[in-house]
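All chains should be built: construct the whole structure from the sequences, respecting the hints.
Chains as they are written, first to last, in the numbering used here: chain H, 2 to 148; chain G, 2 to 148; chain Z, -7 to 69; chain U, -7 to 69.
No wet-lab data here; the hints were simulated from the structure. Even glycine gets a Cβ: it sits at the ideal position worked out from N, Cα and C. The reader is advised that the hints may include incorrect statements.
[Claimed, not checked] Lysine-lysine pairs mimicking DSS-like chemistry, simulated, CA-CA at most 30 Å apart: (1) K52(G) <-> K8(G); (2) K134(H) <-> K27(H); (3) K31(U) <-> K54(U); (4) K126(G) <-> K116(H); (5) K126(G) <-> K27(H); (6) K134(G) <-> K31(G); (7) K27(H) <-> K31(G); (8) K80(H) <-> K116(H); (9) K5(H) <-> K54(Z); (10) K12(G) <-> K31(H); (11) K31(Z) <-> K6(H); (12) K112(H) <-> K116(G); (13) K27(H) <-> K6(H); (14) K38(Z) <-> K5(H); (15) K6(G) <-> K31(U); (16) K80(H) <-> K112(G); (17) K52(G) <-> K134(H); (18) K38(U) <-> K(-2)(U); (19) K54(U) <-> K126(G); (20) K31(H) <-> K134(G); (21) K31(H) <-> K134(H); (22) K112(G) <-> K8(G); (23) K5(G) <-> K52(H); (24) K112(G) <-> K116(H); (25) K27(H) <-> K6(G); (26) K52(G) <-> K36(U); (27) K5(G) <-> K27(G); (28) K12(H) <-> K31(G); (29) K52(G) <-> K38(U).
[Claimed, not checked] Derived, one-sided and incomplete: chain H residues facing chain Z with beta-carbon distance under 7 Å: (30) M65; (31) V68; (32) F81; (33) I146.
[Unchecked claim] Derived Cβ-Cβ restraints for the label pairs, each shown as a range: (34) E19(H) <-> I(-6)(Z): 21 to 27 Å; (35) N148(G) <-> K54(Z): 52 to 58 Å; (36) D64(H) <-> I(-6)(Z): 44 to 50 Å; (37) F27(Z) <-> E82(G): 45 to 51 Å; (38) G14(H) <-> K31(Z): 46 to 52 Å; (39) E19(H) <-> D34(Z): 39 to 45 Å; (40) I49(H) <-> D34(Z): 51 to 57 Å.
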Amino acid sequence: MTDKKPKNVFKQGPIPSEFIGESIAKHQTKTSIGAHNIFLGQVRADVIDGKTVSAIEYTAYEDMANVKFDAIRESAFEKFELTCMHIYHSLGIVNAGEICLFVFVSSPRRKVVFKALEYIVEEIKAQVPVFGKEIFEDDTHQWKINN
Amino acid sequence: MTDKKPKNVFKQGPIPSEFIGESIAKHQTKTSIGAHNIFLGQVRADVIDGKTVSAIEYTAYEDMANVKFDAIRESAFEKFELTCMHIYHSLGIVNAGEICLFVFVSSPRRKVVFKALEYIVEEIKAQVPVFGKEIFEDDTHQWKINN
Amino acid sequence: MIITIKYFGLIAEVTSQEEETIDFSGNTIADIINFLNSKYPDLKNKDFQVAQNQELISEKTKITGQEIALLPPFSGG
Amino acid sequence: MIITIKYFGLIAEVTSQEEETIDFSGNTIADIINFLNSKYPDLKNKDFQVAQNQELISEKTKITGQEIALLPPFSGG
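Below, the structure is given as structure tokens:
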């Protein structure tokens, strides 16, 4: 762990599609990039025991999570030849159909972005203390567990 | 080959970032989707023998290309459990930093989208008769070849 | 030794709070888990990991007196 | 037999046109390539595949009298 405070990855509420479009636009000045790969996690309206998920409420051990996100970012830059990488995760309520995770990698060449993106997403799922409460339409809930 | 005319994948000029943002927004009503994966090809300002690429001009054997895109789409739906798939490719001039290829796959679960997206992009590069003319800043050119 | 303990997700539901500060005299993480299992009997059936100073640790780890967190299974993304 | 031949990319530069219609009496794709190599000597050094009726085919394939295309290496995406 270094002394520098890690970047805050969290955004309150869902990640808007306009924000994603603007992030893409900002990379058009970086003309060494040949390939972008974007992963978006979207909240599913799963039906569990006859009840439909209407939203997920995310909480996190924020300080630890940001340290972990930072470690994943540094590890990915070491493993893969990436020009840029951006990670955003929602906190609070994200309704079914809305986006809760946005991971964006860019590289001069395409082969590397596929491997890098999958690595980063799997690491996030496994390593980062974020907790999703699946809220049903009748206001009951259950705690989500990543597979 | 079926009698139905394949969908036209081509768009004149670069693919705007707003169009990508709007495509993402349109999927928020599909609440069985849990994961999106997007590939974007961006034109690089490569320096070749001291000259910088300022744009790529794309041409295609359009009828055959659309048949091939259609076959790739059907094959991907057979191989992978996908909810949606969209492919757009530019024709004409695309400047360095602008986007020339947009492939968008969505699925209930994440594992499948990584495999599906890479499969589709590699198939496009290998199977589809599209031709890129790299135009240098001094108006000379060379023909691009996929690796 | 004064220790701050943080609870998250399902674990915070069991303890009915997100954070508490206790004066504790045990040595290892196992000691603190035993103490919390007595205080919150429903904890015993729950699956969680323990972090100390924002690093996941095992039950044998010595308590350093800093921040301890009880983390249920992660479900980000 | 009346055949339409389409040229793309670098090949269209060599032939100075994107399409032509010829009256041809050969049998196979190899015959038509030989004919085009004589008409456009610079073609010999170029790398291309041939499509007939929008399917890639080998030199041994019989000409069916429909659309033939000379395709340089693909570079989409």
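Exercise for review: Output the numbers, in ascending order, of every earlier hint that fails for this structure.
Suggested key: 1, 2, 6, 11, 14, 15, 17, 21, 23, 25, 32, 34, 36, 38, 40
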